[in-house]
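There are 2 protein chains.
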Amino acid sequence: MLSKNRIKYINSLKIKKYRQAHQAFIVEGAKSVLELMDSDFEIEFVLATEEFQQKYSTILSRHNAAIETATIVGLETVGSFQTNDSCLAVAKTKENAFLSLNEAEYVLILDDVRDPGNLGTIIRVADWYGITKIVCSEDTTDFYNPKVIAASKGSFTRIKIYYTDLATYLADQAHNQNVIGAFLGGESLYEFPFSANGGFIVMGNESNGIGAGVEPFITHKVTIPRVGEAESLNVGIATAVMLDNMRRQITAKPN
Amino acid sequence: MLSKNRIKYINSLKIKKYRQAHQAFIVEGAKSVLELMDSDFEIEFVLATEEFQQKYSTILSRHNAAIETATIVGLETVGSFQTNDSCLAVAKTKENAFLSLNEAEYVLILDDVRDPGNLGTIIRVADWYGITKIVCSEDTTDFYNPKVIAASKGSFTRIKIYYTDLATYLADQAHNQNVIGAFLGGESLYEFPFSANGGFIVMGNESNGIGAGVEPFITHKVTIPRVGEAESLNVGIATAVMLDNMRRQITAKPN
Numbered sequence: 060m061l062s063k064n065r066i067k068y069i070n071s072l073k074i075k076k077y078r079q080a081h082q083a084f085i086v087e088g089a090k091s092v093l094e095l096m097d098s099d100f101e102i103e104f105v106l107a108t109e110e111f112q113q114k115y116s117t118i119l120s121r122h123n124a125a126i127e128t129a130t131i132v133g134l135e136t137v138g139s140f141q142t143n144d145s146c147l148a149v150a151k152t153k154e155n156a157f158l159s160l161n162e163a164e165y166v167l168i169l170d171d172v173r174d175p176g177n178l179g180t181i182i183r184v185a186d187w188y189g190i191t192k193i194v195c196s197e198d199t200t201d202f203y204n205p206k207v208i209a210a211s212k213g214s215f216t217r218i219k220i221y222y223t224d225l226a227t228y229l230a231d232q233a234h235n236q237n238v239i240g241a242f243l244g245g246e247s248l249y250e251f252p253f254s255a256n257g258g259f260i261v262m263g264n265e266s267n268g269i270g271a272g273v274e275p276f277i278t279h280k281v282t283i284p285r286v287g288e289a290e291s292l293n294v295g296i297a298t299a300v301m302l303d304n305m306r307r308q309i310t311a312k313p314n
Numbered sequence: 060m061l062s063k064n065r066i067k068y069i070n071s072l073k074i075k076k077y078r079q080a081h082q083a084f085i086v087e088g089a090k091s092v093l094e095l096m097d098s099d100f101e102i103e104f105v106l107a108t109e110e111f112q113q114k115y116s117t118i119l120s121r122h123n124a125a126i127e128t129a130t131i132v133g134l135e136t137v138g139s140f141q142t143n144d145s146c147l148a149v150a151k152t153k154e155n156a157f158l159s160l161n162e163a164e165y166v167l168i169l170d171d172v173r174d175p176g177n178l179g180t181i182i183r184v185a186d187w188y189g190i191t192k193i194v195c196s197e198d199t200t201d202f203y204n205p206k207v208i209a210a211s212k213g214s215f216t217r218i219k220i221y222y223t224d225l226a227t228y229l230a231d232q233a234h235n236q237n238v239i240g241a242f243l244g245g246e247s248l249y250e251f252p253f254s255a256n257g258g259f260i261v262m263g264n265e266s267n268g269i270g271a272g273v274e275p276f277i278t279h280k281v282t283i284p285r286v287g288e289a290e291s292l293n294v295g296i297a298t299a300v301m302l303d304n305m306r307r308q309i310t311a312k313p314n
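These protein sequence lines are chains A and B, in that order. Counting in my numbering, the first sequence runs from 60 upward without gaps. Counting in my numbering, the second sequence runs from 60 upward without gaps.
Mixed in with the good hints there might be a few duds.
[Claimed, not checked] Computed list of lysine-lysine pairs in DSBU-like fashion (alpha-carbon distance at most 35 Å, straight line):
no. : chain 1 : residue 1 : chain 2 : residue 2
1   : A       : K75       : B       : K192
2   : A       : K280      : A       : K114
3   : A       : K219      : B       : K206
4   : A       : K280      : B       : K192
5   : A       : K114      : B       : K153
[Unchecked claim] Over the 12 Å line for every Cβ pair with chain A, so calculated as not near, a few chain B residues:
no. : residue
6   : I66
7   : G133
8   : A156
9   : T216
10  : T223
11  : T278
12  : E290
Honestly, the hints are just simulated from the structure, not real lab data. Bear in mind that the values here come from a model prediction, so they are computed numbers and not experimental data. Using N, Cα and C, we set each Cβ at its ideal position, and we do this for glycine too.
Turn these sequences into a full structure, and let the hints steer you where they fit.
The following block contains the structure:
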């Protein structure tokens, strides 16, 4: 039986200021919780149905996380989603640690991506295409928002994220680097030669694109060619198409 | 002031069987309603705030749709989303009309795509990449679901859709055609040569991929190469990457 205090604590973690105060966040659903247990995140506790505990007893016994039995109904009182989830975990957030660009690496930069579903999708897409670092503007939605974590489908465990003032970051880090920004009206993505030397790939806000503070650092403005009539692509989709073109070229080239 | 009957009617259109009975569907939001007015859909009526009517008076005066003034609060009682939308329209659905494959054309086939947000995204992506026809299995989510319409961001006005038994359709239509299916473990999408002669591009269900009834018709199984560790890509994302690779090649090739 979940205590009132625990319910209150978990519910508080749906709000950013309480996540920051407690340095903790919620992970929901079997797939995400199993990936969490397989990661270097520190787990405070796991709430799980008896069925879940039986099904994954081997994995759970290897892990020293505190496990409390809960019912589906109990989980629904604390979960964000009505998905009949069989488990929920609370884990410690990581420090907002600086991320540098290594040789021959591409780092993704997000300038004011606001929608949690979009950020989660971008994390999943980055993980698919072998990007491990994302640097975000301070107004980009919080990585530890439960909707971000859910939409990332477990990929949040493999992606490092750093929130910072992007103009300051780029002024410091982008010297002699390729800084490729997705713009309407830029060079065709199909003609753009991604360098095997790596660089930054920058995606902007859902409505306004890349902001005026970041634009001066862009060395290459590229556009996803449009054949039909849709006005725009969703930023998660656009990120996938950018990374797909980068990866296709880089994989084909000798490094 | 919205009448009770009108509120009841609009709310009924959130359910598929009433959309089918009334042959009508809901379109919400300024962008989507304006695109609707610019399309060949027959509009039953538009509910709009006075502000919206003033702002778009020229467009509205060119159109003979019945316009009723509503308040934001009134629109909220009938809308699906709490987005402070300034207008909502009800339009007539189109007949489920057969779609054939023209020469040098690519037609998208969806086998049991269940999530309305995914179908809306796919419609938007298809529209971006110049695909105008989508053929869906009968268990694919309803095109006229308000969530599909909203996620398509106006692209629903430019895409033709046809629901049918895919095995029967392909048995009839796929003779000597390329039928390219997205599979895990297929040929690399980066190596696959899309033909300028066109064909079908098939995307499967969110969890189970392309079903056993459709698989025998697939002539080419292709896979989006993965560099990182995410288990899968969302079907909307995967559709965009497939179409992007197709379009990049076809545009570069002489037809």
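Evaluated hints:
Straight-line distance between C-alpha atoms of K75/A and K192/B comes to about 43 Å, which puts the hinted pair past the 35 Å bound. Taking the CA atoms of K280/A and K114/A, the gap is near 50 Å; set against the 35 Å cutoff, the hint is violated. For the given pair, K219/A sits about 33 Å from K206/B by alpha-carbon distance, which is consistent with the 35 Å threshold. Only pairs whose Cα atoms come within 35 Å are accepted, and K280/A paired with K192/B is accepted, the gap being roughly 31 Å.
Restraint check for K114/A and K153/B: the C-alpha separation of about 48 Å exceeds 35 Å, so the hint is violated. Against the 12 Å criterion, I66/B stays outside the reach of chain A, whose nearest CB is about 26 Å from its own CB. Under the 12 Å C-beta cut-off, the non-interface status given to G133/B relative to chain A holds; the minimum distance is some 26 Å. Once the 12 Å rule is applied to beta carbons, A156/B is consistent with being away from chain A; the minimum gap is 20 Å.
Annotated as non-interface, T216/B brings its C-beta within 12 Å of a C-beta of chain A; the closest such distance is 9 Å. In this structure T223/B is separated from chain A by more than 12 Å, as the shortest Cβ-Cβ distance comes to about 23 Å. Distance check for T278/B against chain A: the nearest CB is about 22 Å away, which clears 12 Å, and the non-interface claim stands. Here E290/B does not stay apart from chain A, with its beta-carbon only about 7 Å from theirs, under the 12 Å limit.
When the structure is compared with the earlier hints, violations turn up for hints 1, 2, 5, 9 and 12 and for no others.
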